[in-house]
Structures are given as C-alpha cells and as structure tokens.
Amino acid sequence: MMEEIIESAVYLKEKTGFTPKTGIVLGSGLGSLIDEIDIKHRIPYREIPNFESSTVEGHAGRLIFGILGGKQMVAMQGRFHYYEGYPMQKVTFPVRVMRLLGVETLFVSNAAGGLNPEYKVGDLMIIRDHINMFPENPLRGPNLEDLGTRFPEMSQTYCPELIERAKEIAIKHDIRFQTGVYIGSPGPTLETPAEYKMFRILGADATGMSTVPEVITARHAGMKVFGVSVITNLSEPSETDKPTTHEEVQNVAGAAASKMRVIFKELVLDL
Numbered sequence: 613m614m615e616e617i618i619e620s621a622v623y624l625k626e627k628t629g630f631t632p633k634t635g636i637v638l639g640s641g642l643g644s645l646i647d648e649i650d651i652k653h654r655i656p657y658r659e660i661p662n663f664e665s666s667t668v669e670g671h672a673g674r675l676i677f678g679i680l681g682g683k684q685m686v687a688m689q690g691r692f693h694y695y696e697g698y699p700m701q702k703v704t705f706p707v708r709v710m711r712l713l714g715v716e717t718l719f720v721s722n723a724a725g726g727l728n729p730e731y732k733v734g735d736l737m738i739i740r741d742h743i744n745m746f747p748e749n750p751l752r753g754p755n756l757e758d759l760g761t762r763f764p765e766m767s768q769t770y771c772p773e774l775i776e777r778a779k780e781i782a783i784k785h786d787i788r789f790q791t792g793v794y795i796g797s798p799g800p801t802l803e804t805p806a807e808y809k810m811f812r813i814l815g816a817d818a819t820g821m822s823t824v825p826e827v828i829t830a831r832h833a834g835m836k837v838f839g840v841s842v843i844t845n846l847s848e849p850s851e852t853d854k855p856t857t858h859e860e861v862q863n864v865a866g867a868a869a870s871k872m873r874v875i876f877k878e879l880v881l882d883l
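Residue numbers (the working numbering): 613 to 883.
Just to be clear, a hint being listed does not mean it is correct.
[Stated by the list, open to error] Lysine-lysine pairs mimicking DSS-like chemistry, simulated, CA-CA at most 27 Å apart:
1. 683 to 732
2. 784 to 702
3. 779 to 633
4. 625 to 652
5. 784 to 871
6. 652 to 702
7. 627 to 732
8. 732 to 779
9. 625 to 732
10. 702 to 633
11. 784 to 633
12. 877 to 633
13. 836 to 652
14. 627 to 871
15. 652 to 683
16. 809 to 732
17. 683 to 627
18. 784 to 809
19. 702 to 836
20. 871 to 683
21. 633 to 871
22. 779 to 877
23. 877 to 784
24. 625 to 683
25. 836 to 779
26. 809 to 836
27. 871 to 836
28. 683 to 779
29. 836 to 633
30. 633 to 652
31. 732 to 877
32. 652 to 877
33. 836 to 625
34. 625 to 877
35. 732 to 871
36. 877 to 627
37. 779 to 871
38. 877 to 683
Calculated from the structure, these hints are not laboratory results.
Turn these sequences into a full structure, and let the hints steer you where they fit.
Next up, the structure:
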C-alpha cells in the first residue's frame, strides 16, 4: 500500500505544485465550505491513481487545492464510506496521501444524529472524543512504519488547543455549539430506537457513519485533528413515527454549513 500512497502523492504534487499543511474532509451537505477557498485545482477522484469514487449523494467526489487565509490547503469534497463497500484501507487512503503531501493538521466534518437530549437540530458539536463501533480498525494489518507507530496513543485524539480556540470563535460570533462524543458505526441503515438508546448509554452525544476511521489514520500519521458534527436530526427512541431521510440530513447540514465555515476559516488563519 505504501507504494500506492506514494504514487498518488507524487501525481498530485506534480499536478498542483502544492505542499499544503492543512487538510479538510467535508461531510454530507457541507461542501459549501469550498466557497471560502481561492481554488487553484479541482481534481476528480477518478483521475487520481489508486483513489476510489464517492457514490453518496451530497458528496462531490473531488480534491480541491487552493488558498485559505493565505495558506495552501487541500480539501476532500466528499469522502469514502465503509458502507459503500470499500475496505478500511481505501476509506482512509486519502488521509495518508494528504500526510505525504505535507498536511500536519486535519479538519473533519460530518452530519450526525443527536443523542444528547440537550441538542437541537442545526447545532454544531465540537468533537472532543469518539467511540469506534466499526467492525474493523483502519490500522489492522501490517503497520506502515513510514507513517506511524504500531500502537498509536489516543488519549488526546482531538487537539485540545484547537477545541478551546474553536469555542472562543463560536462565542465571538454567537454560534450555538455543543462539545461532545461522536460514535461512529458502519451503516448504511439509520439507527433503531434501541441502538440510539444503547449509544447514549455508552456515553455518546452524536452518531454517524464516518469520521472515526479517518481520524484514527490521521493520528497514526502524527496529524493534529479537529472535528465538528452538524446535528441534522434528533434521536427520539420513544417516538418511532418520525423517520429520518438522507435528504433531510443534507438540507439541515447545508443550512448549518455557514456556521461551520466561520469556525474552520478562523482556525486555519490561526495555524
């Protein structure tokens, strides 16, 4: 796999001439953050050696290279999901390519279901920790020694300094936010009422089907990580007559994207 990662990184370096220090992964309905970037290159995943194609509605499926706050950055406009049938190594492959390109700080975002009864639809949840419910760890198998240690330490998976700075930014701009634990599971089914209840008992505040594998891979490679969930729907285990649709998720995420853009942009300027 290391040869494939190098091949992809070399291709992108030659095509763009970029050495970005910041990477961003944009989740469902959150692609409008791209509007803040002075875009220099748009590269569809299908054109990049060894990349897969995102098949989910709301995910554009391309790498964006551009300037944000005077700094080079790269953004995934759409991610790969385990539920699409890709093995974990392919789900997290772009993160490893980002590391070889020079990325030191990774920003991740997602649309998530709210488990905490204090949350409201449209809230931003700054992720302070996560629970991995995927059936496979992306680091399973031979360790890529050129990227990281066999047993990466995960006590501060999400950068405390970036979390505190994000809170300050949110307060300054009067943005409603929460700070909580994200639980990632494989999907693609949305959770049953019993599963929502179980996740809450485990200590999770929001649930989704992404992010955790990418974050594990980023930390393995020594990147700092900052993450935000947009709460697009609320779990109500006692009310089974309120189904959630993917269209609803996209609509709420799109409406909340402007608030997330403010936080991400100012954090990048601070780096």
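Run through the hints listed earlier and report the numbers of any the structure violates, in increasing order. 1, 2, 7, 9, 14, 18 and 26
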